[in-house]
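Using the sequences plus the hints, can you model the full thing?
One-letter residues, chain by chain:
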Amino acid sequence: MEFVPVWIENAWYVAAWASDIPENTLFARTYLGVPVILYRTADGTLTALEDRCCHRMAPLSKGRLEGDAVRCMYHGLKFAPSGECIDVPGEERIPASFRVRRFPVVEKQNLAWIWMGDADRADPEEIIDWPYLDDPAWPYKGGHLHYNASYQLIIDNILDFSHLPYTHKNTIGTSNYDEERPHLEHPDFGIRIEHTVDDTPLAPMNKAFATFEGNVDRWSFYDFYTRGNVLLGDFGSAPLGAGGHKGSREGALQFRHFTVITPETEKTAHYHFAHPRNFGIGVEGLDDKVIEYIYAAFHEDKDIIEAQQARVDLNPHEPMMAISADKALSHIRRQIERIVVTEQSPPAAAE
Amino acid sequence: MEFVPVWIENAWYVAAWASDIPENTLFARTYLGVPVILYRTADGTLTALEDRCCHRMAPLSKGRLEGDAVRCMYHGLKFAPSGECIDVPGEERIPASFRVRRFPVVEKQNLAWIWMGDADRADPEEIIDWPYLDDPAWPYKGGHLHYNASYQLIIDNILDFSHLPYTHKNTIGTSNYDEERPHLEHPDFGIRIEHTVDDTPLAPMNKAFATFEGNVDRWSFYDFYTRGNVLLGDFGSAPLGAGGHKGSREGALQFRHFTVITPETEKTAHYHFAHPRNFGIGVEGLDDKVIEYIYAAFHEDKDIIEAQQARVDLNPHEPMMAISADKALSHIRRQIERIVVTEQSPPAAAE
Amino acid sequence: MEFVPVWIENAWYVAAWASDIPENTLFARTYLGVPVILYRTADGTLTALEDRCCHRMAPLSKGRLEGDAVRCMYHGLKFAPSGECIDVPGEERIPASFRVRRFPVVEKQNLAWIWMGDADRADPEEIIDWPYLDDPAWPYKGGHLHYNASYQLIIDNILDFSHLPYTHKNTIGTSNYDEERPHLEHPDFGIRIEHTVDDTPLAPMNKAFATFEGNVDRWSFYDFYTRGNVLLGDFGSAPLGAGGHKGSREGALQFRHFTVITPETEKTAHYHFAHPRNFGIGVEGLDDKVIEYIYAAFHEDKDIIEAQQARVDLNPHEPMMAISADKALSHIRRQIERIVVTEQSPPAAAE
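Protein sequence lines, in the order shown, are assigned to chains A, B and C. Straight run, no breaks: the first sequence in the numbering used here ends on number 1300. Straight run, no breaks: the second sequence in the numbering used here ends on number 1300. Straight run, no breaks: the third sequence in the numbering used here ends on number 1300.
The set of hints was computed from the structure by calculation and includes no laboratory data. Predicted model, so just to flag it, every value in this text is computed and none were measured. If a hint is listed, it holds; no wrong ones were tucked in.
Copies of the same chain are indistinguishable here, so a pair counts whether it falls within one copy or spans any two.
Only pairs whose alpha carbons sit at most 25 Å apart, straight line, appear in this in silico PhoX-like list of lysine-lysine:
1) Lys-1276 / Lys-1027
2) Lys-1251 / Lys-1011
3) Lys-1195 / Lys-1156
4) Lys-1011 / Lys-1118
5) Lys-1027 / Lys-1251
6) Lys-1276 / Lys-1118
And the structure:
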């Protein structure tokens, strides 16, 4: 399986947590290789423009907001939220070609979603709807990591939980989690993975939260959406004999998990996540405590994945040996490749 | 307009301030991609040699001065100021091919000028003569910046002052400076730019120096010499009604400005400058105060130009959109390109 | 003489001092471009495996020892000291192709020697035998340097001692050391160099150790082995009139020197050395004092060689000018090139 240094262009990707972009601020970040600024117009609406003036390529992120427009602080060109250049100091007429790219961007459920591909194909209705991001009954604090690794290696990681007992033995792993292979389904949007392990110890991190002792029936269900690299999870641990995920789930320790990976460049990525829980609503400090544990676990992933990237870089054409735990990730790699090939193919000539 | 990753070889470039090279010192710097050492012989004359021993390529800058010669401190080869190898320890005969390149270098008006091209064409008479660098009536302190950007992007900057109200709004800019386009002339040596703005506020930096209040008539005249990238300026602000640059200039705040850009590598450069003034002669601390303001303004340029270089590097073949303020820089880019093409063309065969 | 960016594969190279690899430790280092882990099995025997899991390329150096085997801590694959994969969690059958490379490694005279080439050709009998590394009558403390330079430039350095009066004027050089060229012999294994200088001052470093004063007769004899880049030296200084190296050597200051250079990547290398002495046996702190002096001298080499590498990189195709002091290094460069060409040539077809 070879490393594919490309990505799907036509998809909604998470750009940032909405709260990362306060008013009166130019927020700069690179997505799919393109530098972008995000900011809010007077009514609070998000705008996304290419972070490069069309005149001499100075970054607009070094510019200033003037009402709803952005002025480049090199030679003073000014751009409307549409990307159109509306002022060239000392110039009376402005050619229509003077503009920067603007990207569709939508704020939804505390996240800013951006579309870097063909703007005509951007349909906000296609943005994932996941109410747990916006539900007081499922509190959480949002997280973000910057990766020095290809988004593909990160997807590989989240699609194969057989690494839990090894990479995460001290945090979210349990010793026999890898003994049974998960059940896979192949919906159009990507993959559905159902992994249950009965009679297993609580993961070390969960000991801090559980109100029960002893072994549990554990489940990890998740859907992965290939466009946007979104993972939506239903994770839980129920006391033995309570029926696991099929039981009443009353008293079970439950999390809804959200992870989304946005390629930054060929070998870097942004990683946003949330880990809403069904317990300790309103308990002071608990949001912080949960995310602190999650950061600990995710830094374990980051550490091994960045080291893996360095090894891949040494011998980029070396084949990897597939094991049956790779079924999900192989399926998604093939799906990405198919979409990328289609996107990059020239359209067929009309008869 | 595409980035041209080359430079004019046959020109006098500023190597350093003469005071940067005291006696008994090897001063090392790279010009036009070539590492060079500069030092003084016993009579104080400057010498410039390639900073690379012809034997095993060790840098001579790690060597030692022995009288007028330089000894490589790897295996002990010794080179005369002519570049000729005059000692190989343990060897009786030294082949004539044992030498390092020597470069014409001339000290003039506090500067060291170097010629990196065809030494036979180096005529010291062609070095710019600018008496303000050497005139007690026009005091100054010389400055130097190292740029992580192509010399071309820096030339672009100094040939288009429409960036003053934006990049330099807090230092040397004034709000309406970009409203009128400058008058251009096209002498053989490069370009002459005359920019006057009447009834404009004093630039923020100049408020610290002026003895008058209120608006001024401001002028910026300069000549740019394409060979050597030298800018010679006549900048001033006169009280309203005193006739501006055409008036007596008595009581006006006047500066003579000198900027010269020497390519170091394809994407780095040395920038030397002086800002002689006609006021406060002999006032203690004023040389420092003026250059401190200039450094503040020039760091604003450096900040945006280095950011611009990073964006150009992301998409080096992306076209830039020209505005009328680019006329001067476009003229000079074309002139550089013509000279470079001529220099790099093989000579025509004799009939 | 052009830089050859390759190395001999079929040779025993020093991997580390044996004491660098204690029990229960994964020791990671790169040799000849290949990342390797070294560790000890229960009986203390050294094992060397490729530091890259065959599954997803995670480094095994981030794994854990389990008895004599290594478990990758990404997805849990486990490898025997043979390189064979002996466990894939959740998998019943393991394909024979699941393995990592194992490299012959031998512990001898306090050193770990590794063979990165064709394992079938690795004969431990060919490892250099040098009893001084293991003889209480010749105490020493082993040293190690990491070089940001090609191993070839380092070999050049140790094969031409005419640099001593220059690079090492304050440590191990003496002023007239370069006046006489050494005597060379050309055994099959590489080169033998005999350099004697009569009536010369003691090297600055040796003044701290000698029990006699005044000038000395100095000798430096050494054998360089092209396979493995091993230098074995017999260095000494005897009081004037005692017959130098041919005399009784009683009371002379004697060192046996060991230097070995292992390519890490094209432009980096590991340098191990020892400097056993025949005096001050059992004197507290003397091992440290001697190696401190040697480190001082060797950092002088490292400084000039890394600067030389930077100059070579600027103009990699520039020819170097040979002097007669280069005879030994030129001989070895040619010998390396011949072996490399042979190793890289396809085998002749059978008739």
